[in-house]
Amino acid sequence: MDTLRAEWKKCILFREVYVALGLAAAITLWQGLPNIGRPEDFWINLYNFNFNVAPVLILFLQAAGLSRLFCGEAAGRTAPLLRTSRLGLSRAFWDKLALGLSYAAVTSLLPGLLVFCLGALSCGGVPAAPEGIGGISRIPGWEGMGELTQWGWEMLFSLLGGLCGAGLVLLVSALARRPVSAMMGAALCLALPAALRVGAVLFLSRFPISDGLVILLDRVYRLCGWGWSGILTYELLEKGSGALWMPALYCLSLLAAELALTWLAWKRRGRR
Amino acid sequence: MMRELRRLWSGLLVWLILAGTVGLNGVLAFYQRRYGPESYWGVMGQFWDKLGLAAVAAAVLTACLPLTACDRICRTEELVLTARLGRRHLFVSRMAACALGTVLFVLALSVGNFLCGKVVADGLPVPPGWGSLYLGRTLLAGAGGALLALAACGLCERFRSLPTAFFLVSVVLLFSALTADLKGEPLGLYVLANGFFAKLIRGRALTGWGSYSPPWGMEWLVWGPWHVGLTALCLYGAVRRRKERNQW
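If you read the protein sequences in the order shown, they are chains X and F. Going by the working numbering, the letters in the first sequence line up with residues 1 to 272, in that order. Going by the working numbering, the letters in the second sequence line up with residues 273 to 520, in that order.
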């Protein structure tokens with residue numbers, strides 16, 4: 001518990017966490033404020049926010065807040081102190097992991113919950129959806145669900161996507177020596193699948209290219225849908241057969257793989 | 273300043289961004305020449321819209337910001353501050369080097385894009401008026417890039433944290449770039465799309481501010497001083513912070 005507290009005290013000194021949270025809150029409020037007191041737009045605004053703005057904010061919050069977690073000691077030249085401490089590197093890893101995943105869980109849900117609470121407060125409760133709103137949510141194939149259930153699924157995949165994104169940031173952080181390198185590397189890796197998808201769509205829509213290249217680009221497009229941004233924008237769900245547990249299981253497997261690699265990178269750092 | 277400029281260009285990443293952007297644009301040019309030669313030069317002229325903007329942003333974030341914060345990263349700040357020219361002179365030199373370096377980067381990108389386009393064009397004539405429009409866009413992108421570099425470095429110095437500045441600049445620029453393609457949006461998005469360097473670097477000012485062009489057509493009088501004022505504000509914050517810490 002003492003080491004966890006020590007990690008927490010270190011973490012709350014990171015200036016970028018405050019700036020990231022402040023900026024995310026400002027963008028969230030800015031998106032939410034124009035729809036205050038308009039119950040007819042409540043659900044549309046909520047679903048659009050979760051699809052358009054929240055993924056970017058969630059991934060940025062992970063990259064900004066967690067990139068220092070595993071390389072802070074290397075950058076601050078206090079790694080030998082940590083290595084010679086009573087509980088050692090192994091215990092520090094689990095405490096850092098607990099702290100990182102808690103931060104990821106909170107920040108993944110924060111933007112969506114903030115918009116939801118803001119809208120609900122301004123409307124005096126959760127308003128009923130107007131007629132013909134079914135299908136506005138990007139969760140595919142489940143239009144028969146209630147609006148709140150659909151939003152709940154969206155939030156679940158925001159959480160899973162945020163945790164997977166955090167896993168990648170932790171991995172890059174354990175590999176990097178400096179927080180800035182970790183932040184840049186993590187931001188690049190997180191943005192790459194989305195950038196490749198946009199590039200593939202632009203390329204396919206602009207040029208009548210040969211069949212082989214079309215198949216290749218289509219595969220790249222589909223593969224990138226399984227990336228971190230794909231989870232947050234529910235591209236992952238479009239490929240499934242409708243079974244809910246399969247995408248969730250994939251997300252958990254991805255997270256487990258990322259954390260296992262982070263552990264290996266941390267052990268490697270300890271052996272140096 | 274020349275030393276700082278050399279340091280800025282000595283990193284491998286800048287050259288990789290430059291070569292990668294020109295190479296990628298070359299591939300696009302090749303396909304455009306093959307499948308749509310009638311709009312070839314029009315597409316080449318829109319280089320700053322996406323690839324150019326991304327390259328300039330990447331160069332500012334990965335080269336200019338680390339140069340501003342290198343003393344803190346290398347833990348030589350105290351030593352540098354005791355040097356004869358290690359305070360105001362070094363700060364001003366670094367800011368000037370970042371701005372000039374970004375302008376040079378933009379010019380190199382522009383020349384690379386033009387030469388690449390000329391080679392791939394395979395004799396396709398350049399339409400009249402294209403050159404002056406392309407040059408105007410390049411100059412605007414250079415001015416926008418230099419202002420962005422100054423503002424980003426000012427923020428980095430103000431917060432004394434490279435990750436913070438990196439995060440702030442990238443998020444604002446990303447939202448600004450993404451918002452520019454939306455249409456019929458309210459005033460908040462209009463300001464976000466136009467006011468944070470993305471449209472300046474895209475060179476859109478010469479042909480109006482895109483879909484947000486207001487009817488009175490006096491955008492220059494508003495957004496020109498706005499960008500200069502924003503940059504000056506960031507630099508003022510940095511200078512004030514240095515004075516507070518007795519580093520000026």
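A few of these clues could be false.
What the simulated footprint calls covered on chain X by chain F, stretch by stretch (three residues with Cβ under 8 Å from a Cβ of chain F suffice, anywhere in the stretch; the number is not a length) [to be verified]:
{"no.": "1", "segment": "63 to 74"}
{"no.": "2", "segment": "95 to 104"}
{"no.": "3", "segment": "173 to 181"}
{"no.": "4", "segment": "205 to 212"}
Taking lysine to aspartate or glutamate and the DMTMM-like style, the derived pairs with C-alpha atoms no more than 25 Å apart in a straight line are [as the list claims (entries may be wrong)]:
{"no.": "5", "chain 1": "X", "residue 1": "K10", "chain 2": "F", "residue 2": "E349"}
{"no.": "6", "chain 1": "F", "residue 1": "K322", "chain 2": "X", "residue 2": "D218"}
{"no.": "7", "chain 1": "X", "residue 1": "K267", "chain 2": "X", "residue 2": "E7"}
{"no.": "8", "chain 1": "X", "residue 1": "K267", "chain 2": "X", "residue 2": "E40"}
{"no.": "9", "chain 1": "X", "residue 1": "K10", "chain 2": "X", "residue 2": "D95"}
{"no.": "10", "chain 1": "X", "residue 1": "K267", "chain 2": "X", "residue 2": "D211"}
{"no.": "11", "chain 1": "X", "residue 1": "K10", "chain 2": "F", "residue 2": "E350"}
{"no.": "12", "chain 1": "X", "residue 1": "K267", "chain 2": "X", "residue 2": "E73"}
{"no.": "13", "chain 1": "X", "residue 1": "K9", "chain 2": "X", "residue 2": "E147"}
{"no.": "14", "chain 1": "X", "residue 1": "K10", "chain 2": "F", "residue 2": "D321"}
{"no.": "15", "chain 1": "F", "residue 1": "K390", "chain 2": "F", "residue 2": "D321"}
{"no.": "16", "chain 1": "F", "residue 1": "K322", "chain 2": "F", "residue 2": "E310"}
Over the 10 Å line for every Cβ pair with chain X, so calculated as not near, a few chain F residues [as the list claims (entries may be wrong)]:
{"no.": "17", "residue": "L288"}
{"no.": "18", "residue": "G308"}
{"no.": "19", "residue": "W313"}
{"no.": "20", "residue": "R359"}
{"no.": "21", "residue": "F363"}
{"no.": "22", "residue": "L396"}
{"no.": "23", "residue": "L440"}
{"no.": "24", "residue": "V443"}
{"no.": "25", "residue": "L493"}
{"no.": "26", "residue": "E516"}
Since the hints were made in silico from the structure, they are not lab data. Note that the structure is predicted; figures quoted are calculated from it, not measured. Cβ coordinates follow ideal geometry from the N, Cα and C atoms, glycine included.
Evaluation of the provided hints:
no., hint, result
1, 63 to 74, "holds (count 4)"
2, 95 to 104, "violated (count 0)"
3, 173 to 181, "holds (count 3)"
4, 205 to 212, "holds (count 4)"
5, K10/X to E349/F, "holds, 22 Å"
6, K322/F to D218/X, "holds, 22 Å"
7, K267/X to E7/X, "holds, 18 Å"
8, K267/X to E40/X, "violated, 54 Å"
9, K10/X to D95/X, "holds, 12 Å"
10, K267/X to D211/X, "violated, 46 Å"
11, K10/X to E350/F, "holds, 23 Å"
12, K267/X to E73/X, "holds, 14 Å"
13, K9/X to E147/X, "violated, 40 Å"
14, K10/X to D321/F, "violated, 41 Å"
15, K390/F to D321/F, "holds, 19 Å"
16, K322/F to E310/F, "holds, 21 Å"
17, L288, "holds, 12 Å"
18, G308, "violated, 7 Å"
19, W313, "holds, 15 Å"
20, R359, "holds, 23 Å"
21, F363, "holds, 20 Å"
22, L396, "holds, 17 Å"
23, L440, "violated, 6 Å"
24, V443, "violated, 6 Å"
25, L493, "holds, 26 Å"
26, E516, "holds, 16 Å"
Hint check: violations occur at hints 2, 8, 10, 13, 14, 18, 23, 24; the rest are consistent with the structure.
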